[in-house]
Amino acid sequence: MKIRTLALAISMATFGLGSTVMSTAAQAQAKEQFFPVIVYRTGAYAANGTPWANGYVDYLKLVNAKGGINGVKLSFEECETGYATDRGVECYERLKGKGATVFQPLSTGITFALTEKAPVDKIPLITAGYGRSESQNGAVFTWNFPLLGTYWVGADVAIQHIGKQAGGLDKLKGKKIALVYHDSPYGKEPIPALQERAKMHGFELMLLPVAHPGVEQKATWLQIRQARPENVLLWGWGVMNSTALKEAQATGYPRDKMMGIWWAGAEPDVKDVGMGAKGYSALTLQHGAEPGSKVVKDMLAMVHAKGQGTGPKDEVGSVLYMRGLISAMLGVEGVRKAQERYGKGKVMTGEQTRWGLENLNLDQKMLDGMGFAGVMRPVQTSCLDHMGSSWVRVHQWDGAKWNFSSDWYQSDDKVLRPMVMLASGKYAEEKKLTPRTPEQCKQ
Amino acid sequence: MAFFLETLIGGLMAGMLYSLVALGFVLIYKASGVFNFAQGAMVLFAALAMARFSGWANAALGGDSLILANIIAFIAAGGVMFIVAWIIERLALRNLVNQEGATLLMATLGIAYVLEGIGQTLFGSEIYNIDVGMPKDPVIMLESVFEGGILINKEDFYAALIAAALVIALSIFFQKTSTGRALRAVADDHQAALSIGIPLNRIWVIVWCVAGVVALVAGIIWGSKLGVQFSLATVALRALPVVILGGLTSVPGAIIGGLIIGIGEKLSEVFLGPYVGGGIEIWFAYMLALVFLLFRPQGLFGEKIIDRV
Chain C
480 MKIRTLALAI
490 SMATFGLGST
500 VMSTAAQAQA
510 KEQFFPVIVY
520 RTGAYAANGT
530 PWANGYVDYL
540 KLVNAKGGIN
550 GVKLSFEECE
560 TGYATDRGVE
570 CYERLKGKGA
580 TVFQPLSTGI
590 TFALTEKAPV
600 DKIPLITAGY
610 GRSESQNGAV
620 FTWNFPLLGT
630 YWVGADVAIQ
640 HIGKQAGGLD
650 KLKGKKIALV
660 YHDSPYGKEP
670 IPALQERAKM
680 HGFELMLLPV
690 AHPGVEQKAT
700 WLQIRQARPE
710 NVLLWGWGVM
720 NSTALKEAQA
730 TGYPRDKMMG
740 IWWAGAEPDV
750 KDVGMGAKGY
760 SALTLQHGAE
770 PGSKVVKDML
780 AMVHAKGQGT
790 GPKDEVGSVL
800 YMRGLISAML
810 GVEGVRKAQE
820 RYGKGKVMTG
830 EQTRWGLENL
840 NLDQKMLDGM
850 GFAGVMRPVQ
860 TSCLDHMGSS
870 WVRVHQWDGA
880 KWNFSSDWYQ
890 SDDKVLRPMV
900 MLASGKYAEE
910 KKLTPRTPEQ
920 CKQ
Chain B
28 MAFFLETLIG
38 GLMAGMLYSL
48 VALGFVLIYK
58 ASGVFNFAQG
68 AMVLFAALAM
78 ARFSGWANAA
88 LGGDSLILAN
98 IIAFIAAGGV
108 MFIVAWIIER
118 LALRNLVNQE
128 GATLLMATLG
138 IAYVLEGIGQ
148 TLFGSEIYNI
158 DVGMPKDPVI
168 MLESVFEGGI
178 LINKEDFYAA
188 LIAAALVIAL
198 SIFFQKTSTG
208 RALRAVADDH
218 QAALSIGIPL
228 NRIWVIVWCV
238 AGVVALVAGI
248 IWGSKLGVQF
258 SLATVALRAL
268 PVVILGGLTS
278 VPGAIIGGLI
288 IGIGEKLSEV
298 FLGPYVGGGI
308 EIWFAYMLAL
318 VFLLFRPQGL
328 FGEKIIDRV
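Listed in order, the protein sequences are those of chains C and B.
Going by the numbering used here, the letters in the first sequence line up with residues 480 to 922, in that order.
Going by the numbering used here, the letters in the second sequence line up with residues 28 to 336, in that order.
One chain only, chain C, in its complex shape:
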């Protein structure tokens, strides 16, 4: 009898304790907004993936240091993909069940794989500066947010810049422009926009794919030496970029005639080449290296000075660190906007965050207040425009650091909008989707 009583008491105590632990965990979970962090700190692209991941995580820590989003603290968990699509999908499947707010896969391949999963799980995908270009159309791609720019924006601005340097877009007629690209969905993405511009201005577009990871480019650059294009556009990632610059040097191709996309314009792409890359330009996704910005000063003071920095201190403010930081900021602001509608100080679901991201309105005053003065221009999204901004600048490597070398550009909507509508319409037809109507957009 005594034993039975003891067993019962232990069971009840265990149950009670378990309930307490569970409810504490549930409360802790309820008070925290969970951000899954898909990263690649290992593998062929680690040198580029690491500073992005550090910037992303540091920003979440900075928000917590400032009190969270209206009091809601952020929690996060990293998952390593090694830039492999299958591992990216595995990470998504593992982390979605933990109450994921938003996914940012930092890979066009993983984005393609998740685009059909996100609507089922009702979790938005932010692909700031990458992903499917037609996903700008939120009427079809309800859950994708290629915020700040797509590869079609990049391609369009690159041609505008080359045209400006040549003395006008009409001067491009009869010229040759080569695209050296990573032979992957990422590298192929700008081709339709470049072909459209080639048709408009009468220049010849040379397409030169480079196989992953891009360490062997001798044949590519021999072809460039033979064809002598006036300009070379570089659409690489990781080691492919520095290899391209080294091969350009080895074949005597002028670096000031080369321009990279924003993923080919960071410190790891040129540092190792040093003076050999002098004159090389790259587009920026608005920001460049921003060591003097207020957000960076805040980061150093409130996170790194307290020994909570994720990576090395001297990396804070570098190009890819800023890209990760801004990507995290966009996700956080999506949640903040959602709270305005669904309740301040509450944890937002993926669906609620999607509404927030679709109604983002970060004007200059807000951005400046957040420490992004001189770093970013306004971002305003809508149901039909999940990109929210297409501002681009060009920066140039002087052998030791990046310096801005152009004024602001914007992509030409007259050229790109019909392409976006056509491509997204085709996607909707293939997948048997009914695009949202303006009335549905308001809900």
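None of these hints come from the bench; they were simulated from the model.
Treat the hints with care, since some could be wrong.
[To be verified] Covered stretches of chain B, as calculated for chain C (at least 3 residues, CB under 8 angstroms):
(1) 154-167
(2) 174-185
[To be verified] Beta-carbon label-pair distances, calculated as ranges:
(3) Ala563(C) to Pro324(B): 31 to 39 angstroms
(4) Lys545(C) to Arg117(B): 30 to 38 angstroms
(5) Leu149(B) to Arg896(C): 50 to 58 angstroms
(6) Ile114(B) to Glu819(C): 53 to 61 angstroms
(7) Asp158(B) to Pro791(C): 56 to 64 angstroms
(8) Lys652(C) to Leu136(B): 54 to 62 angstroms
Built from N, CA and C at the ideal position, the CB exists for glycine as well.
For chain C, the structure is supplied; the task is to place chain B on it using the hints.
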């Protein structure tokens, strides 16, 4: 014609660099009968050690003497590769004497992952520079014969010379020294070699050390070209078709195989690539190797093995 020659020369020099990595495979297979899948990881590990030691030595010397810093780094990185060889022999190979070839292959696969992981943990995953003074700018030759001349990449040219020197040294080592002959005996039959008093464990340490030094030289050359980063480990994949074609047991085979693969992939990319969308050189190299295998399964210079039944 000038463009064809330029591509051909470019292919020859690229082929010599592949040979350098292929040599590592051949050395270990020839001496121990193990197909060492970790050769690429060894190249990465050695290059990371060299780059970091060079940077630290240069900083310690006040940036005054890069040559001295590189010499110190080379010796230190060589020492690290010796320790790696010793650990591999003690922890992995010693326990696998007389095991199936497939077991040894799987062991080297595991070694590859461990080396890649430890290498990046110890030395970091950033891109590091190895500056051994290799010239980066091209030289244009025969301008009076061909319009625009023929471009030669000086860095590749010097690298090819270093690779050639290493091959000659290794050939002499295998053919003319008693240690070289002992290595070949071990490769033929572990038990027979043991029975005539060849110290198997010491021989394995020696051969992994030599392969480590070859990996170090390959790592310095490739690291100087590409920067020292994770992708160096994938360079080994470029050497696989070379050893398939040249034969796993032949040092000259690695060289000739390298040259054929180098020329084949560059010519195919430049002249066939545009018709099929480009980016074909990697798989074309494997296709070329497989075509050769149809006619010579043991590779161009591999030993034809005849077993009595």
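| query | Failing hints, ascending? | reply | Numbers 4 and 7 - these are the hints that the structure violates, sorted from lowest upward.
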